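Trainee: Since the structure of chain A is already known, use the hints to place chains B and C with the ligand on it.
So the chains spell out like this:
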Amino acid sequence: MKPPVFDYQDPASVEEAVDVLARHGAAAKVLAGGQSLVPLLNLRLARPEVVVDINRIDALDYLTEESGWLRVGARVRQRRLEREGDVRRTVPLLAEAVRFVGHPQIRNRGTVCGSLAHADPAAELPAAAVAVGARLVAHSRSGIREIPAEEFFTGPLTTALRPDELLVEARFPCTGPDWGWAFLEVSNRHGDYALCGVAAGVRARDGRVQDARLAYAGAGPVPVRLRQAEVALVEHADLEEGIRAAAAEARRVLRPDGDLHASSEFRRHLAAVLTARALRLAWSRASTCSGGAHA
Amino acid sequence: MRIEGTETLHAPRDRVWALLDDPQALASCTPGMQELRPTGPDEFEAVLSIGIAAVRGTYKGKLRITERTPPERYAVQVEGTSGAGFVRAVGVLELEDQGAQTGVRWSGEVQVGGALTLGSRMIPGIARMLAGQFFQCLDRKLQEGSP
Amino acid sequence: MTTRWLGAPIKRNEDPRLLVGQGLFVDDVQLPGMLHAVVLRSPHAHARILRIDVRRALEHPDVLLVLTHADLPPSLREPLPKLIPHPDLKHHKTQYTLAPDKVRHVGEPVAFVVATSRYAAEDAAELIEVDYEPLPAVVDLEDAAAGRPALVHEDIGTNVAAHSVQRVGDYEAARARADLVLARRFVVDRGCASPMETRGVVAQWDPRARQLTVWDSTQAPIPIRNGLAALFGLAQKDVRVIAPDVGGGFGPKIMMFYPEEVLVPLAAMRLGRPVKWIEDRREHFVATNHERTQIHHAEIALDREGHILGVRTVFLHDAGAYIPYGLIVPIVAECTLPGPYRIPNYHAEFRAVFTNKTIVSPYRGAGRPHGVFVMERLLDLAARELGMDRAEIRRRNFIQPHEFPYDVGLIYQDNAPLVYDSGNYPAALERALEAVDYPRWPEEKARYRAQGRRVGLGFACYVEGSGIGPYEGCRVTVEPSGKVYVATGVGTQGQGHFTSLAQVVAEALGVDVRDVHVVTGDTGAFGWGTGTFASRAAVVAGSAVHLAAQAVRQKALQVAASLLEASPEDLELADGQVRVRGAPSRSVSLGEVARAANPLRGVIPSEWEGPGLEATRYFAPPRGTFSHGVHAALVEVDPETATLRFLRYVVVHDCGTILNPLILDGQIHGGVAQGIGGSFFERLVYDDSGQLLSGSFMDFHIPTAVEIPEIEVIHQETPSPLNPIGAKGAGEGGVIPVPALVAQAIEDALDDLELEILRMPLHPDALFELIQKATRRGS
Ligand SMILES: Cc1cc2nc3c(=O)[nH]c(=O)nc-3n(C[C@H](O)[C@H](O)[C@H](O)COP(=O)(O)OP(=O)(O)OC[C@H]3O[C@@H](n4cnc5c(N)ncnc54)[C@H](O)[C@@H]3O)c2cc1C
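Residue numbers (our numbering), protein chains in the order written: chain A, 1 to 295; chain B, 1 to 147; chain C, 1 to 779.
What the hints contain is simulated information worked out from the structure, not anything from laboratory work.
It is possible that some hints are incorrect.
Said to hold, decoys possible - Subject to a maximum C-alpha distance of 35 Å in a straight line, what follows is the list of computed DSBU-like cross-link-like pairs (lysine-lysine):
hint, chain 1, residue 1, chain 2, residue 2
1, C, Lys-93, A, Lys-2
2, B, Lys-60, B, Lys-141
3, C, Lys-773, C, Lys-445
4, B, Lys-60, C, Lys-102
5, A, Lys-2, B, Lys-62
6, A, Lys-2, C, Lys-102
7, C, Lys-102, B, Lys-62
8, C, Lys-82, C, Lys-93
Unchecked claim - If the Cβ cut is set under 10 Å, some of the chain B residues that face chain A in the computed set are:
hint, residue
9, Gly-51
10, Ala-84
11, Met-122
Just so it is clear, the structure is predicted and the values come from calculations on it, not from any experiment.
Every residue gets a Cβ at the ideal spot worked out from N, C-alpha and C, and that includes glycine.
Excised from the complex, chain A in its bound form (with noise of 0.2 Å):
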């Protein structure tokens, strides 16, 4: 379990670094938190011909809000998400959701840019960047494009990045006090990947469902956000009534892979069944105005 030769290029900005992806191309791979790139290098299932690490890059080492927006760049670990209190208070699901990622000491190392732009179908983080709608900025000699979560995860461990492409950070929206969120998955052991993961938001008005946010990791090859299933939570008047028909519609709709872990079966029954968990936990806090991760 030793890598293959590569090259190895550390540039200390940002332009720097993308005249090197510009030039080697496919033949490159960034190096951030290295938590998913290096075990794939050591067992010989990446081979790029030049490994581009952006430590150096201070530029990017940034976790601030903006005009409603909180603005997380590459260099950022995810242990911050967790640490920092503003994040608590302006996207409480990535506080929530990135406690579930590995641990402790894999996230110190391990960036919230470096999971998105990773992919892996079952990884939190995408999930929640679906769930709360970030944007993903792209910079590339060519200059700088926004892609939302969206139609930023194309397949497992695929995403539109181009190869000539840094992902120098990832945005996600505030959300304010009447919204309420939850993190919730299943995996055998704590800090794997989820056998199945929802996140949940809902917004609460009148004692009613003003809107609703579902997103599902490890439920498909890319992260899955229900739109048919928040509008049931809408439209319902009775809030057990909209969790049950959220609940049914995850276990219609999602056709997750079975593997060695989990039946497709079994992940289709925990979609549902944490949906009607998540959601009432964020209902709690939407109501309460508590936002979340208070757990």
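Mentor: Just chains B and C with the ligand now, with coordinates in the frame of chain A:
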């Protein structure tokens, strides 16, 4: 691992069949196919470079057409080896005449060995994605070629 | 004042060294000019090798040696040695150093590359071209037994390596008299030990001294030395095998030979440079032995009052691709099954079957968890059927304390009759039940239920065969410094021998335990012994240590008697001194005694039996000792997500005289964790083509501190009459009953579903399926 799916190609069945029956056309639509050299009747040597994000490998192997029932059924067997392990797959295509369009029912039985087994949970999704790319390409060719 | 060392909760002598990173594991061995080796392994479960071309690898500038089967000396082209023969083992097929013409499991070594670095060696291994012709893989155990879909070893015309039957009484007759006969099919799936340190070997050949030195992460350094000497035509004295600090053994490292243990020394001798091979975790999953798969068709016959009239099990044992270690695991399984119960009529019959999977040899528990699972499950189901309390049915069948020695009527793994030496089975159960307040459990459970929680109570009883022969030895030396050096042949893999064996010596010689230095696992220090397995080190080596220390004590008394001009009977050993009882000012230090025992002039009295304060003794027990225990736990089940949480875990443990309760607790805690892992988390999942799908820690889920509950241990001490220290083995009791307990607890938690858990390990997906089926049945 078994995977299956259905697609619709926007051309009559005879044209679809003609395209499938042309190894070079097939090769040009197979994701990552770099070389396809005939080595015998219905037998080819192939070099494929498949990259799913960071997981990228060059697979050398054989492709054999094991069944050909014009214009309905077509079966191939593929074997490839790379530094990351091996892939063996049997694929079956069934074409259904739908007038101006053709329905395709496809299924594959995929087996992997070596380090690739560590990614087994993602293989059905990846195979489906690659199959999707393959059929989109075929469809594009069919539409380009249509009068 | 004399300090009691034996039985004291002393912190481990070795820990300061290990905790600051001063341990010596095989990968810590760094030698000048050292080369690095890599094994090219089969990616196929079953295939013929048509062609191997190593030319491109040899052209790699950093490569010094590439070996295939054809390049081996004749003695290494043969299958590796048969370890433990048995009359019922008709086809004792053993593995090859490098596969000649066929590979039989994923991970089987095909070629061996030595280069200047591990990186280069891995690069070069990729350049080796091997053409395989894949053959149908023999994966399913029942199919394999029927010879489907292929033969693992064609030349023997069958996949069945052995068929073996043991009988006590007449099961058929008992069955005919029974009020209740209950039969089920039980499945235990594959598992593996996952020690923190994988295997590794470093070898150095000194051509001038003609000395081969091998560092090997093994549980059996002395047998390895003897085997290497034979394979390479060297004198045993010219081969030194060192098992330095070993980062966990758990059984698989007792196996010999793993091919690398031969290849690395061979390469070092060929190249005249030291060679290192460290197994990586990917290799470990397929190249280090597994265990566990068995399928039992078991039956129990009882009378109306729940007395067992007889038990029968007919089972298949998955041996993997070869069977070097013989029939130990299935024999231990059938011999552990009767457990603490009186079973007048017993029929045990098994077939050991080849499959295209990694080789099977003992892994912590080694058949015991299987036997206990089957027996405890049969009793649980019988109790349910008879409408009887599950504790009561056990009480009615326990062997009573006055019945020891108790002859079970079987022949055990050491070829000796299975005779329990001592124990108190009823007391252990009552203590466990008291600890979890069993009498009040129904109310407690109802209370949980009222909160919407599903909590089950499970408990399971077991007897653990341990401490078997043939022998171990020990040399105890007191140096003039007053420090005591102890050398024994058993290796140590984290069990705390540097402390527990030191305690035995400290107790005998009245010295501080920190002044006792134990060396284990270095054939240069002690050359006789067999190894650390079957929970035997404390018992067998511990007894040898005791005998040697007692001999040194006698000699110290003799020598000191002349120094102090007193009679030996009036002397005592304490605080590193020999002193006249009642006159503490008349004393000499043990160091001075040692110096006096090795004079430069004068005469050594014949009763000293030689110079120095030193003695070597051996201990050869007539047969094994039998520990026992009961585990009880409260397990919460989330029936919607099919996941578990352990709320409480209690172990009542009896392993005779306790040498060090801290170390013992550590053994039990680790065992329970491994047992929980093997019951609900860790799974070796194969696909139909014999590929291991869960071959990394991403998919093989070793439980962590989050999943493992606090473990409460209650010690019971029923000494063994079979050895001078009264000890019994303690290495495996933590693991053995866990699957049985987990099954019972889940059934209890979901009792309205009337589940029958007949398979282990479970995992959420399997539990979900069971719950679904039961719910469908119910509705
Ligand atoms: C033991 C363990 C447990 C884990 N458990 C979980 C879990 O439960 N859930 C989970 O979601 N993840 C888990 N992970 C993965 C972890 O979250 C990774 O950190 C994450 O997937 C990748 O982030 P990284 O910064 O480490 O990226 P890297 O490993 O450095 O890179 C990953 C991939 O993304 C690309 N990439 C990274 N950053 C950029 C960028 N800015 N622009 C373009 N491409 C980029 C790389 O080229 C590479 O292809 C686990 C990892 C380990 C080792």
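Trainee: Does each hint fit the structure? Answer for all of them.
Mentor: Hints, verified against the model:
1. C:Lys-93 - A:Lys-2: Roughly 34 Å separates the two Cα atoms, so the pair holds.
2. B:Lys-60 - B:Lys-141: holds, 26 Å
3. C:Lys-773 - C:Lys-445: holds, 24 Å
4. B:Lys-60 - C:Lys-102: The hint holds at about 23 Å.
5. A:Lys-2 - B:Lys-62: holds, 29 Å
6. A:Lys-2 - C:Lys-102: Answer holds: Lys-2 of chain A to Lys-102 of chain C is near 28 Å, not above 35 Å.
7. C:Lys-102 - B:Lys-62: Distance ~22 Å between Lys-102 of chain C and Lys-62 of chain B Cα, so the pair holds.
8. C:Lys-82 - C:Lys-93: At roughly 8 Å apart (the allowed maximum being 35 Å), Lys-93 of chain C and Lys-82 of chain C satisfy the hint.
9. Gly-51: Interface hint status for Gly-51 of chain B: holds (6 Å vs cutoff 10 Å).
10. Ala-84: holds, 5 Å
11. Met-122: holds, 4 Å
Of the numbered hints listed earlier, not one is contradicted by the structure.
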